[in-house]
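Asker: Start from chain A and add chain B according to the hints.
This is what each chain is made of:
Number of protein chains: 2
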Amino acid sequence: MHESGSRHGRRSAAWLAATALALGAAGCGPQGGQELQPSGAAQNGAATAELMKQRGLTESDVVAALKTYTPTGVHDPYYIFASGGHSGQVIVIGLPSMRILKVIAVFTPEPWQGYGYGDQTEAMIGSSDQENGIPLRWADVHHPALSELAGDYDGKFLFVNDKANARLAVIDLEDFTTIQIVRGGLIKSDHGATFVTPNTEYVIETSQYAAPLGGTYVPIEQYNEKYRGATILWKFDREKRRLVKEESFAIELPPYGQDLADAGKLASDGFFFINSFNTERAWGGSSEGNPPLESGASQNDMDFLHVIDWKKAEQVVAAGKTETIAGMRVIPLETAVAEGILHLIPEPKSPHGVDVAPNGRDIVVAGKLDTHATVYTIEKIQAAIAAKKYAGKDDYGVPILPFEDTIRGQVEIGLGPLHTQYDDKGNAYTSIFLESAVAKWNLADLKLISKIPVHYNVGHITTPEGDTVSPDGGYLVAMNKWAIDRFQDVGPLLPQNFQLIDTTSEPMQLLYDLPIPNGEPHYSQTIKADKVKAISVYSPIGTDPATRSVSPNAVEAGKERIERRADGVHVFMTAVRSHFVPDVIRVREGDTVHIHLTNTEQAKDATHGFAIADFNVNVSIEPGEHSEITFVASKPGVFPLYCTEFCSALHLEMAGYLLVEPKS
Amino acid sequence: MHESGSRHGRRSAAWLAATALALGAAGCGPQGGQELQPSGAAQNGAATAELMKQRGLTESDVVAALKTYTPTGVHDPYYIFASGGHSGQVIVIGLPSMRILKVIAVFTPEPWQGYGYGDQTEAMIGSSDQENGIPLRWADVHHPALSELAGDYDGKFLFVNDKANARLAVIDLEDFTTIQIVRGGLIKSDHGATFVTPNTEYVIETSQYAAPLGGTYVPIEQYNEKYRGATILWKFDREKRRLVKEESFAIELPPYGQDLADAGKLASDGFFFINSFNTERAWGGSSEGNPPLESGASQNDMDFLHVIDWKKAEQVVAAGKTETIAGMRVIPLETAVAEGILHLIPEPKSPHGVDVAPNGRDIVVAGKLDTHATVYTIEKIQAAIAAKKYAGKDDYGVPILPFEDTIRGQVEIGLGPLHTQYDDKGNAYTSIFLESAVAKWNLADLKLISKIPVHYNVGHITTPEGDTVSPDGGYLVAMNKWAIDRFQDVGPLLPQNFQLIDTTSEPMQLLYDLPIPNGEPHYSQTIKADKVKAISVYSPIGTDPATRSVSPNAVEAGKERIERRADGVHVFMTAVRSHFVPDVIRVREGDTVHIHLTNTEQAKDATHGFAIADFNVNVSIEPGEHSEITFVASKPGVFPLYCTEFCSALHLEMAGYLLVEPKS
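Protein sequences appear in the order of chains A and B. End of the first sequence = 664 in our numbering, gap-free, step of one. End of the second sequence = 1664 in our numbering, gap-free, step of one.
Bound conformation, chain A alone:
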């Protein structure tokens, strides 16, 4: 049990003694009068000191250990839902234990969950294949948004975006599975997604890199004239658990690089806010005599905060003042201006996060090439709009509200502010990328309180319910992009580093480093665990997770059968510890095989798998679940089939054969 590492033990004798005094006041001294405890207990105490020495733990490490260590069977009070970046998935983490509890398959095939290897999930993952013309089997997931009621997480749904291909997905938190993937076809990338309005009326998806709307080709030299941004308000139907394109609409935007967004709440309900970072409208062309995008897009000291009145936009849509592009109703830019839906406000250089405070009044912008967090207020914005107090208009005729008249103030926090979250004490926390630090500052008096270094290159941060109307406080997780030396090497591609910070102490204390081993989270949301009501089994038996109702093909025990029909061989099969019925499938080369498979178990954790050699088939069938598998028996041979999820002592024996007789 040796230990390697970069730190030396710094156990302080002073602290040990003090700990002893604090814990043991009753055990010594003249007033004590108690018997010494049995040696077993005394040895435990000595073991603690010895352990600290052996493992080089400081007093602060011990406190951190005790604040995070979560014994067997104890449940974390919070879930963190983290985007998986270009893994295309979502990562679920328990807080404060910082253990990854599940990876939810969303846009990328994931065979452990059988995701993309059976009919229903293949259809899900291929939702946009037809529209796109090219199958998409990955995504760049950036910003998860939990569904809300009255500006507070309700624990029902999670939305995520695919920045790379401008898609959204809906995850049901009853079973932690993806239930919908949509693509509007209007825009080509969507970094500014997903964000929900306070009652999840809409899920906001905003383009990042401007392109001709609807996907047509236009030479890039016509960037200013023909390339556009857009923000889509996807209507969410809770009852149907669906984003409904027909009830959704978009607003055309200038070809600025729209970035993050946030919906107003309370005083600012009815508005949402979008940052932008390339109001210069650079488009690269570094080999063609232009500056590269990174410098072309960083010329202006101010970019534009977009202020959008979505309730007004709803009325304009209802009045039919839209064009239809790629099947989506779009409010043209000039209509948005004419109707007062869209205003711009200058914001400090190349901002990243725009984060509405719990009070709904303050809107905090972090300018990533700036040193400030800038606080706008909705009252001042509304007053300027009402007074038509403009600092001018942009090239597209959009009115610009004056910076000085809309802000409440600025806080100097350090170089490279990125993203802000809140606690229950009126504090704001802003990540600072270039400094690799997180700043804590007071929202009321705009005073910096303290900073804590993080390791390294922090992007977003999350605090418990920290972007709702009622944050919990207590913790903060810094989502650090680089890990460098924090963990032992695992080749050139390193994990990200989530650092858990205790925000209740002053200075703040670093508690835990969690390597993220399978993705690059951009943003996370942290929700009280008791708000999420996850089911343990699908009930009644035969439930199709895609429809959440009993499948017409569900199979009852005793009614298993194989039928040859015009469209192929139909196998009605059950799975139960530890056999499939039937377990031998006889078909002819070229047959289409339809397997209708029901796991008839109702015990928690009694999952089975079903795989067939050579045919790229593997489903995970949870207790009560019904699964559909279709494939063509395109070659003759003998193919073992078996349960892929270790289910019992006779798991290895839960097997059978697919026999494909050759064409004569």
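Any given hint might turn out to be false.
Claimed, not checked - With a straight-line Cα cutoff of 20 Å, these simulated EDC-like cross-link-like pairs (lysine to aspartate or glutamate) come out:
{"no.": "1", "chain 1": "B", "residue 1": "Lys1531", "chain 2": "A", "residue 2": "Asp485"}
{"no.": "2", "chain 1": "A", "residue 1": "Lys226", "chain 2": "B", "residue 2": "Glu1661"}
{"no.": "3", "chain 1": "B", "residue 1": "Lys1533", "chain 2": "A", "residue 2": "Asp485"}
{"no.": "4", "chain 1": "B", "residue 1": "Lys1389", "chain 2": "B", "residue 2": "Glu1379"}
{"no.": "5", "chain 1": "A", "residue 1": "Lys559", "chain 2": "B", "residue 2": "Glu1288"}
{"no.": "6", "chain 1": "B", "residue 1": "Lys1226", "chain 2": "A", "residue 2": "Glu661"}
{"no.": "7", "chain 1": "A", "residue 1": "Lys388", "chain 2": "A", "residue 2": "Glu404"}
None of these hints come from the bench; they were simulated from the model.
Answerer: Leaving out everything else, chain B in the frame of chain A:
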């Protein structure tokens, strides 16, 4: 910061007092004489007690926390390499912190690593597409095997199997990437893989579910006559970092369900051992009047341990006494018998693990429908072979050595023993599935020492270097198949549960529960971290990880260009913080686009990504890496391209456009 969970705090006043006494002896009493420490330190001590109360931690929890908590920047002394089950990947974990450090993409597409989304990795993942006729994009990874020298891990390579499709993969531990996937074409499933001989001369792959060798169709009614098992000895060429099919060979086996294997070492070097569980030769047919496989395969009280003399087999192969099936040299079963290569020994009911002890003499078999660990010795086996002391022959003429003459003894450990590992004190540890426990027993005197419950349904276990000639001892990880109530719910599909156990204390102590969120590990190996020499960057710049040499298409800064050739448009591109050169690519609809992309960085962790909207392209380019991307610009339009790995403050600006002009 509230806490939910199933346990109540059981902080004992006695323990606290004793801890205080142990830590604070110098701080009180007449002999102490020291000043009280400053209040800050005293508050820390009080904080510890308060924390235990708040979080319901027992004294044993505190010890466990201190034995596992690993502060920021401290590196774990061990890596655990765990198979990912039907995720198709490998999971790398630090011990004792029990943090997942990386998921290595092996058989399944993984876009965070760009694995399967660029030319080189697409070729890797599609290695068996042509042979199989159907693209395989998942696997069922069961048993990782670290490369060995003289029976000890050398930290160079990791081998894993795909049970579902009978494939093997090689992972290079310099860069933690997959460098080869092979499929022999001889067998249809390979649960008994991978296991290496003591100098990694061979990697052993054994079939599980019998089938006609080479993949032909034979009616299952001819199971006894025409279905067979086989074990393949894949020759590993260290220099070339390749399994070489031409230098490999197989041995035909009876159609028993061959299960786990292990290579002999020291005294038993030259042999390897394979379990089996269906010597009844049941094949299911439950809907056709037969018993289901699970009962058909569980009739006999004894199955067969296969004893294989691979050094003799090498000679037989050298002498040309092989047949060639599916391009693989195969020693026919009757030749294996005639040449004394294969012997059987009865072994208790439906065994799972066969594990050669560090001494090389003892071979421990765990009969999963039995209650014993059974210890065979190589001396007795060799003596019986030499004396031709047979208890009979099986239906295929394979001589059966007598059970009583080949065992040294048995240890009664509990119902459902599965798998055995070793420590440095002469102890063996066996997982017990049905009891959900791990037994510690003494190998020398075959005495049970103690058991510890685990949660729940333990499969394999791993101890540090525990299956080598020199185990380290200290820890054990129980790989539990079910988690049930250990973590908060995440829908019907639950994580597995890795439980870390301290084996140095008696009774053993449970230290930590690690949920496995993305796969179903079957076996792990645990290696000293300092044996693994991972690189941080690819050097020189332009290295192709597939060949580990500079790509002929590597691009130097300043020599970027776009060339139209007969086979399409070639883009020679570099990536460096924070731009691509070139950043605008102009092609015509239908063009094949070849992007030759070099990351010219040499800073650790300076990874870039490269994605193009709509074309399912995403690569991860580590510092110094060269990547190849080929696709057809099959539709016109304007497609943003950008860096998918957050690399700098101007990461969002590291972007450009692919412009596809429509056919006129």
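Asker: Hint by hint, say whether it matches the structure.
Answerer: Status of each hint after checking the structure:
1. B:Lys1531 with A:Asp485: holds (18 Å)
2. A:Lys226 with B:Glu1661: holds (15 Å)
3. B:Lys1533 with A:Asp485: holds (15 Å)
4. B:Lys1389 with B:Glu1379: holds (14 Å)
5. A:Lys559 with B:Glu1288: This hinted pair holds, its Cα atoms lying about 14 Å apart.
6. B:Lys1226 with A:Glu661: Holds. Lys1226 (chain B) to Glu661 (chain A) sits at ~15 Å (cutoff 20 Å).
7. A:Lys388 with A:Glu404: Distance of about 15 Å is within 20 Å: holds.
Of the numbered hints listed earlier, not one is contradicted by the structure.
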